[in-house]
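**Student:** From first to last, the protein sequence lines are chains A and B. Per full-length UniProt numbering, the very first residue in the first sequence carries number 1; after that it's consecutive. Per full-length UniProt numbering, the very first residue in the second sequence carries number 1; after that it's consecutive.
Think of the hints as simulated: they come from the structure by calculation, not from any bench. Remember, it's a predicted structure, so these values are computed and weren't measured experimentally. Take the hints with a grain of salt, since some may be wrong.
[Said to hold, decoys possible] To spell it out: a stretch of chain B is covered by chain A in this simulated footprint if at least three of its residues, at any positions, have a beta carbon under 8 Å from a beta carbon of chain A; those stretches are: (1) 67-77; (2) 342-351; (3) 358-365.
Beta carbons: idealized from backbone N, C-alpha and C, even for Gly.
Residues per chain are reported as follows:
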Amino acid sequence: MTDPLELDVRPLLHNGGEPFGAIMGAVGSLAPGQGLRLYATFRPEPLFKVMQAKGFDYEATPLDGGDWQVLFTPDGAASEPAGSRSDDPDNWPDPAHYLDCTELDPPEPMVRILAQLEAMAKGEVLFALLAREPVFLFPELEARGHAWVGDFDAEGTTYRLMMRAGSRP
Amino acid sequence: MQMATLSRWTLAYFGCALTALVVALALIGLGWAYPQNPLAAPSTLIVVHLLAIGWLSLLMLGALMQFLPVLVGRELALPGLAPVALGTILVGLFLMLCGFAALDGWLGSAELLPLGGLVVIAGFGIAAVPLFATLLRAKSLPLPAGFVTVALMSLLVAAMLGDTLAAALAGLIGGDFAVALVTHGVTLHAGFGLGGWLTLAAMGVSYRLVSMFLISPERTGWVPRVAFLSAVAGLALACAALGVLLWLNAPWPLGLAVVGLAALLALGAYLGDVVTLYRRRRRAQLELHMIAAIGAFIMLVLGVLLLTLATWLGWEGAVAAAVHLLGLGWLSGLGLAMLYKIIPFLTWLECFAPSMGRLPTPRVQDMVREAPARLGFGLYFGAVTAGAVAIAASVPALLQLAAVLQMAAVLYLIHHFYRARRLADLPLLWQDHPRPRLLWPARNFRSPT
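Taking the hints into account, I'd like the entire structure generated from these sequences.
**Tutor:** Here is the structure:
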């Protein structure tokens with residue numbers, strides 16, 4: 001099996017940078033079955049959920065000086081997620097936007113997600129976390145030509161949803 | 001494909017249900033029910049069936065047409081049957097009520113009673129088809145949907161038993177069987193209807209709605225499972241008791257006692273889950289519908305305690321008072337509380353879904369004014385409690401006064417539902433937004449994209 005790819009985002013974080021793009025870039029360059037070893041200045045909780053949605057397990061270890069090392073390994077057993085028809089999420093670009101809607105009551109998550117999608121260029125991908133399956137959102141996504149794929153995390157408490165913006169009507 | 005769309009007929013169900021509630025309360029106010037008249041008097045039975053079929057069952061079926069797809073993440077199957085079921089149930093209910101009136105020596109013939117019952121069964125059967133078909137489409141049944149499945153089966157048992165009773169009352173069947181059925185079958189009929197159908201469906205739907213509206217993690221683990229399994233065990237035993245009654249023309253007191261214990265266990269576990277859902281909520285501020293729901297849960301506790309005590313002591317007045325608390329306090333109170341959220345939410349979806357993200361949209365909370373509506377709920381639960389005291393103490397005048405106050409509270413809440421539907425309380429920015437139709441099926445509200 002290939003060695004995990006190593007990515008150290010600590011210098012970027014020390015300079016006040018946003019590492020999400022770099023991490024997604026690295027994930028995109030992984031060979032099939034390859035893992036990712038990430039070094040960061042904090043325990044990157046939100047990233048865990050993003051990576052789980054992409055089918056990666058994680059193992060976080062604290063390092064000296066408050067830094068963290070996280071090893072992401074492909075779990076290979078991701079359950080078949082539900083999504084729009086005739087679309088292959090494997091060919092999507094990495095998410096360019098991220099929304100955490102877990103603390104919002106309905107219908108606020110729908111409003112935020114659709115507003116974000118309206119602001120995105122065609123083909124861009126949005127990743128969102130929700131407290132439940134957004135069954136009223138799906139018809140709206142379909143009506144507006146957006147593609148989506150989503151499923152619950154392993155604990156069944158958070159719904160992970162990736163959406164690719166369709167052509168602007 | 002997991003999605004849910006607006007159920008086009010849900011608001012028509014709600015409109016008919018609320019009308020039946022107001023008519024039933026008006027009849028109680030006029031002195032038509034127990035204790036002025038005996039429990040089994042035709043006038044009492046008219047009021048009881050207006051409430052059980054016209055109000056509660058239509059309310060629950062309308063709500064299930066909308067929320068069962070949400071529970072299982074599938075679109076409603078065969079949605080075209082919803083209006084057929086509604087029409088059939090209304091016709092059957094009207095015939096049934098005429099049949100009861102005929103028992104009292106009014107117009108018509110008593111045979112209308114079992115005929116009306118058959119039409120109601122047909123209506124329930126038609127309504128059950130899209131609901132069961134939706135359940136069958138689900139990949140897996142989450143616990144709340146399990147409750148609804150069992151509740152729907154119980155509805156059909158309650159309806160068929162009720163029609164057999166009606167045939168006995170109308171004199172179409174006679175002999176020892178009819179006597180045994182009329183003497184001992186009413187309790188089972190009420191148990192399947194009020195307990196198996198309405199309470200289990202309310203429990204199932206509320207498990208999901210309470211956690212959704214409070215942003216509280218859904219209940220998992222052994223407590224909700226105890227609630228479900230003991231409810232199923234209780235209903236299975238009730239079916240066995242019904243079998244014994246049909247077979248031997250005799251009741252089965254031991255079995256019924258165990259049914260009671262299983263029901264108590266189920267309700268205890270459910271109430272424990274409800275308390276946990278409220279405690280673990282992420283919303284600091286409770287909206288009015290969730291405060292009003294607490295009133296309904298308190299009525300459930302009071303009603304169950306009183307029913308247990310009254311059955312133990314064989315005190316008929318207190319049994320009637322407990323049924324009053326459970327029917328009008330718990331089930332009706334919860335229904336009214338949820339309508340206070342569901343109607344604005346559905347109206348919001350209908351009016352603003354197409355503009356989400358493109359134009360500013362109001363919050364669902366902008367569509368209601370909670371401060372005045374709060375008075376309506378306060379008056380409602382106060383009047384229900386006073387009515388229960390009046391029944392237990394056999395003070396008919398107080399029950400009539402309580403029913404009038406309760407009717408006033410319901411009319412006031414209907415006024416609020418109407419305002420939400422008419423977008424009357426929206427901030428200025430949306431004052432000119434096109435109004436949806438009040439009850440009739442939503443037009444194709446989506447923008448052509």
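**Student:** Which numbered hints turn out to be false for this structure?
**Tutor:** When the structure is compared with the hints, none of them turns out to be violated.
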